[in-house]
Amino acid sequence: MTFVRTLLSPRGAVFLLLVILLVAITILNPNFADPGQLMRFVQRVAPIAIVAIGQYFVIIAGEFDLSQGSLITAQVIIAGNLVGQDDSRTVPVLMLMMVFGAMIGLVNGLITTLLKVPSFIVTLGMMLALLGGVMWWTGGAATGNPADSFRQIGRGGIRDLPFIDFLPWSVLVLAAWLALGIWLTKRPYGKVLIALGDNARAARYAGARDWWVSTRAFIISSLSATVTAVLLVGYAGVHPSVGRGYEFIAITAVVLGGVVLGGGRGWIVAAVAGAFVLEALFLLLNIAGVPSTMRDAVQGVIIIAAVAYSGIAFRSRRRGAAPHASPDQGKEPDASPDGAEGQSSAPPALVSEGIPETRGD
Amino acid sequence: MKRLRADSTVIVLAILVLVIVIGAILVSVVGRNFFSPGNIRDILTGMSVLGLVAIGQTLVILGASLDLSVVYVVSLSSLVAATTMAGNPGNIPWAVTLTLLVCAGIGLANGLIVTVLRVNGFIATLGVGLILQGVLNTNFQGSAGAVPWEFQLIGATGIGPVPISTIIMLALAVVVWFLLDRTRTGAHLFAVGGDPEVSRLSGLRTRTPLIAAHVMCSVFAGLAGLLLASRLGVGSPTVGQQGGYALLSIAAVVLGGTLLMGGRGSIWGTIGGVAIFAVVDNVMSVMQVNPFLKDVVRGIVIVAAVAIYSRRAIVRRRTRFGPGGTRTGGDAAAAAAAPAMAAASVALIADAQTSPGASPGDASATTDGGESR
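Those sequence lines, one after another, are chains X and W. Under our numbering, think of the first position of the first sequence as 1, with each following residue one higher. Under our numbering, think of the first position of the second sequence as 1001, with each following residue one higher.
Warning: the hint list may mix true and false statements.
Some, not all, of what chain X presents toward chain W, calculated at C-beta under 10 Å [what the hints assert, rightly or not]:
| no. | residue |
| --- | --- |
| 1 | Leu115 |
| 2 | Leu130 |
| 3 | Leu131 |
| 4 | Val255 |
| 5 | Leu261 |
| 6 | Pro291 |
| 7 | Ala297 |
| 8 | Gln299 |
| 9 | Val301 |
| 10 | Ile302 |
| 11 | Ile304 |
| 12 | Val307 |
| 13 | Ile312 |
Computed far set for chain X versus chain W, every beta-carbon distance over 12 Å [unchecked claim]:
| no. | residue |
| --- | --- |
| 14 | Leu82 |
| 15 | Phe100 |
| 16 | Thr185 |
| 17 | Leu284 |
Just so you know, the hints here were simulated from the structure itself, not pulled from any lab data. Just so you know, even glycine gets a beta-carbon here, dropped at the ideal spot from N, CA and C.
Same shape as in the complex, but just chain X (with noise of 0.2 Å):
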């Protein structure tokens, strides 16, 4: 019964659509329940994952990261030219790429926490300029087909297994971010994030540097998207569109799995389990045999209706809780005269806005 609950309830309700949805593509196509089918399944989903798993760090803070799918599509594109066909140059390129992805993060993190420009506009201008400067640098055709250890990555793995015959290395790659996500949510760290996505001033005050906290979020969101860009080179290539509207995907599946955009509250498995159900939409859609062209127009409907559902189920579990009382009026003098209470209290906002205009100081 309890389990039931946990699964209607918002926190559970990206889990009980993947179970609908795992379920759903079995019935159509039951060779899906075989082990390696669903490692094939798990592997296709680890890009996107992994990106939603930084995704969830800086929404969790309250803020956006628009430049992910840019940033994957210009690590692609570094990787394609740069390791071309040397093994190695494999190990160094990796390191390049980790530090550029995480320069690119602290530089989103700097000019939003320190100039105060809104992460939305940042990340936006970051899109446009990296994917710009990429394709600047390449003259528009992506070159290069990077070295077989390098592709090794996102499209091998450890075959001959007993159980389920193969275990791609990308799904090792996912479990490992996730884990780290996890202790990483879990340290004082992950907390101060979810405090400062809350409420940034309460956080500010509490003693929480706030600028630091939201830039390693946001190095954290670029490294995703630079280990994603990693397995992609070996899954789907270099080609100047993978990558593209990544950014998008990911901020669905974290919504998907139930965390709040504006911050504060949202746990990272459910964004991840986010991520498995739009992958297993797609599969359904593909499966299902709806035609290709009205596939985004199902996606778009079925997205809209979880987060509704979850929203509802979200109000209607607190539904009953006493209403906060807002910070002004908890202010207000506890001796308040009971005879002006009911014309006081009505409007402070509409008499407070007409003090600038009365007081001097």
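Dock chain W against chain X, hints included.
Relative to chain X, chain W alone:
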């Protein structure tokens, strides 16, 4: 509040002047005249489509929502208009009406999803955008319809160096300015965008202004689509996506000093933001900058322009309910205000004890005065 809005708009206009001066110098270096009628016409033409979308986007952002579906609305509107007109001038009025009705319907759907289902505007309009994309992909393989010559004139003619399309855009901006500054709906939109809970407690219907903003946003996107159809002569299912109007219009709105969290901003700032984009694009075209490099410059300009005033604007924003109303003056201000607050409440208690219910109006004024220090 008045003063503040003028403030951010003035900064935007100052940035615009700066951009124009730099642009003029750069253009003259290449040996061309920035202020030639032809060039001015190019800039104004470049402003009109993005301007229309951005006007609508301003309304939605003021209501603390977003509209990412505008690109698809633009494409759909160009297709509906072009296929309904089918080259026959007699169909123009009906086609325009139908197009705008379709767009208003989409806006209504957006508004209802955001207000009634309470889905975040970002996700709601992203979802509606995907639905529209599906509809576009299913029904149209490529460019379709034909726009009669009479309608194409709207996009092609002008009075002197000023194109008709820009005049229409500016006239609609004036209408929206009137709506925002002089009507109840406008005031309610600011209130709901600023704080939906406070506006609800103040007795506003919080849904109506936001739904109205979404409907108008889609209608403005529809007008932009009509304008594009008139320029292209056909309807195209990808014309909106190619323009990237969703993110660019949001950038223009924020550049114009409107807060993404809503409740604060002005339509003239948005027009200024659109003009900055148009001038930057024009200068780069004249100088024949590599198209990919253009994106880099655009990205830098967006961030830099917002950075110039955002620090200042954020500090200003805090003065919303009077000096230190939200106590962001810092701890010093709070400490300074503490005695006054204590005094006020003591006075209040004394007042209440001596003359219960004698002058409730005065008492409430004292309370709020003390508290807003």
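Does the structure break any of the earlier hints, and which numbers would those be?
none
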